[in-house]
Amino acid sequence: MATTAAAAEAIRRAAGLRDTLNVSFRDEAVRSIYSEATRIAGRAAHQSHERRFDFDQRIDRLVTSPVFGLPIMGLMLAAVFWLTIAGANVPSAMLANAFFWFEDQAATAFEAVGFPWWVTGFVWHGVFRGLAWVVSVMLPPMAIFFPLFTMLEDLGYLPRVAFNLDFLFRGAGAHGKQALTMAMGFGCNAAGVIATRVIDSPRERLVAILTNNFVPCNGRFPTLIMLATIFVGAAFPASFASLAAAGAVMGIVLIGVVFTLAVSWALSRTMLRGEASAFTLELPPYRRPGVLRILYTSLIDRTLFVLWRAMLTAAPAGAVIWILANITVGGTSLAQHIASGLNPLGYAMGLDGVILLAYIIAIPANEIVVPTMLMVYMKTGMMSDMDSFDDIKTLLVDRNGWTLLTAVNLMLFSLLHNPCATTILTIYRETLSKKWTAIGALMPLAIGFIVTILVATIWRLVAA
Amino acid sequence: MSHNCDSCVALAELERMGVKLDKFDRVVALAGNPNTGKSTLFNALTGLKQHTGNWPGKTVTRAEGGFEFGKVRYKLVDLPGTYSLLSASSDEEVARDFLLFGRPDATVVVVDATALERNLNLVIQVLEITDRVVVAVNLMDEAARKGIDVDVRSLSRDLGVPAVGIVARTGDGLHALLESVDGVSSGAIVTKPLHVTGTPEFQRAVAELVPLIEQAAPGVPNARWIAIRLLDGDAQVEEALATGRLAQLVAEQQGATERFSQKMALQGAQ
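Each protein sequence line maps, in turn, to chains W and L. Quick note on the working numbering: the first sequence kicks off at 1 and runs consecutively. Quick note on the working numbering: the second sequence kicks off at 1 and runs consecutively.
For the record, the hints were derived by calculation from the structure and aren't laboratory data. All values reported here derive from a predicted model rather than from experimental measurement. Where hints are given, some of them may not hold.
Stated by the list, open to error - Some residues of chain W that are not near chain L, with every Cβ distance over 12 Å (derived):
no., residue
1, Met73
2, Ala86
3, Pro116
4, Asp391
5, Thr394
Unchecked claim - Label pairs and their computed distance ranges (CB to CB):
no., chain 1, residue 1, chain 2, residue 2, range
6, W, Asn97, L, Glu93, 49 to 55 Å
7, W, Pro91, L, Gln248, 17 to 23 Å
8, W, Thr394, L, Arg145, 32 to 38 Å
What the hints assert, rightly or not - So, partial list: chain W residues that the calculated Cβ filter (under 7 Å) puts toward chain L:
no., residue
9, Ile33
10, Ile40
11, Ala41
12, His46
13, Pro284
Note that CB positions come from ideal geometry on N, CA and C, so glycine has one too.
Turn these sequences into a full structure, and let the hints guide you.
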């Protein structure tokens, strides 16, 4: 073909011409771009008066200081969690009340009209209950967490976080900008995986993609918050309850960061060998966040988007659970059969078969793990309504034998398991490699198994 | 500044069309350094709510939206922020490929008024690729607060393309910006872009390669830029030319990618 011949000729000729040119010809060209930019900028921009007081620099000296930088960051994160937990409690309970009252009314109405029992059960106690749980457990914390997080992002705090954490990531052989993609992962791991495009080196980008799942996304926060509130918070006097719960969530997040760094370190020394590359990161000026815009983007774009996705997956999951719980083989339901099959593994992990079943059903979206679990328990425990976190605790502890170990290991497993289907798909789209996608999906799961089994074994040894 | 009135004029003539992109007359690209407010400007013009944030590197894919100004429908493409067009990271590649092969009718380079010198490096590199450029000097309010006066007329004279001072967050100066975009994209404003020329030998080498490249990849825009990259020994460009991917890139960037982009924009918004 004429075109390919011309292409080869152009490349050959270019190589020849390169030799005739001064070696530094392109350096000269780049230098002339820079000097031209300096000249034009010098003519167009003038400093009219001295700046009285550089506020930004003062703040930066504090929040990026080697001594105070990390503690300030920790305090801010803890404050965000505390506000989320303390603020979400009451509205969550109110929403749950309202929904379950409605469920009862609607189911009664269905019966009165004369629908067969399985239609009523499927529609109201299956699909609707799934949706109701997702909305009442997820909406209030998200409506508080997202605006707070977006505010920090808008203010310009994220690059400072990256600055503070840089030495840790560099030590792990990873890219400093991984702190940014990790922060995005708090919102959504799929978004965090896409955000890794800011990392130039393919090796470090892969490290960032494979470890993004170690920070809990908003789909997993409600699980963590609920468990922290019921099991950790409740162990303290009422006035400290939400503080203790926030501390527990904070602890899980820190464990996630430790795993991010440890796994990055391990990858950089085995499959993805290499050194951390240097980069420059601008610290943008602090900007006053636009409150209305933040409310809009965080409530409409993030909260409702995530909620919608959760509802789309919760409805079929609710239906699946209802079917599993109501088709009986030999006197016990399918759900029971599967759960008891999974029980030995669940016990070894300090969990139980029902929790593992819930995780399998919840692969499309992590948001629905808790509602799924509760629905399976409720079907077996014949409990029809739950008005508050206290009722959930009664169901879990008194009727299904949960202990503090179960709660702790569920929090750990919620942090350390396979990413949701959307994230797995995103990893594939970004890497276009089946191998890395499989590693990205299975490695966290394997780590989850190992960690929970270890914790359960040690816990039981110590307790015995 | 009478910023209220300025923005209400813009509001009156500007029709935000969101993602309604079925029919458009001209394509406008938004380029610039990271964190200069491209997405804020994108939202102000299209009425979309692309997620914005105060950190460099937030936009990693290209988002598309539409607006109408002066009876002309525009498709606006928000590109990831880049410091230069010479690097190989995938977000910079998205920006570079679109400017090179997407053939926008106009490219708005958003620059940060408080850091003009560093931002101009990119402007000069964009001028190497395309003549149809409007420079939007954003964050004029922040510059004023820091005591920096930016003379946009001097900028415009030196760069040979229109330069307009704006505050994307408040909508200040958008009307003047859109008038320039209209002029440049319709050809009513003829630009005389600054070209930073190298040595005479370099110029000769480029001139020798251009016809060969045009033969190798028919219809390729910016053969001059590709020649420079070849002389530079850019392995990626060499490969693209040798495998015929260059021709394919031209076709791809001009094709209808709306659905794809919309999906990407949605993911970016999470």
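Hints, one by one, checked against the model:
1. Met73: Non-interface label on Met73 of chain W holds, nearest chain L Cβ at 15 Å vs cutoff 12 Å.
2. Ala86: holds, 26 Å
3. Pro116: For Pro116 of chain W, whose nearest Cβ neighbour in chain L is about 40 Å away, the distance exceeds 12 Å, so it holds.
4. Asp391: holds, 33 Å
5. Thr394: holds, 36 Å
6. W:Asn97 / L:Glu93: 49 to 55 Å: holds, 53 Å
7. W:Pro91 / L:Gln248: 17 to 23 Å: violated, 54 Å
8. W:Thr394 / L:Arg145: 32 to 38 Å: Given range 32 to 38 Å: violated, Cβ gap about 58 Å.
9. Ile33: At about 5 Å, which falls below the 7 Å cut-off, the nearest Cβ of chain L leaves the hint on Ile33 of chain W intact, so it holds.
10. Ile40: holds, 4 Å
11. Ala41: holds, 4 Å
12. His46: holds, 5 Å
13. Pro284: Hint on Pro284 of chain W: holds, closest Cβ of chain L at ~5 Å, below 7 Å.
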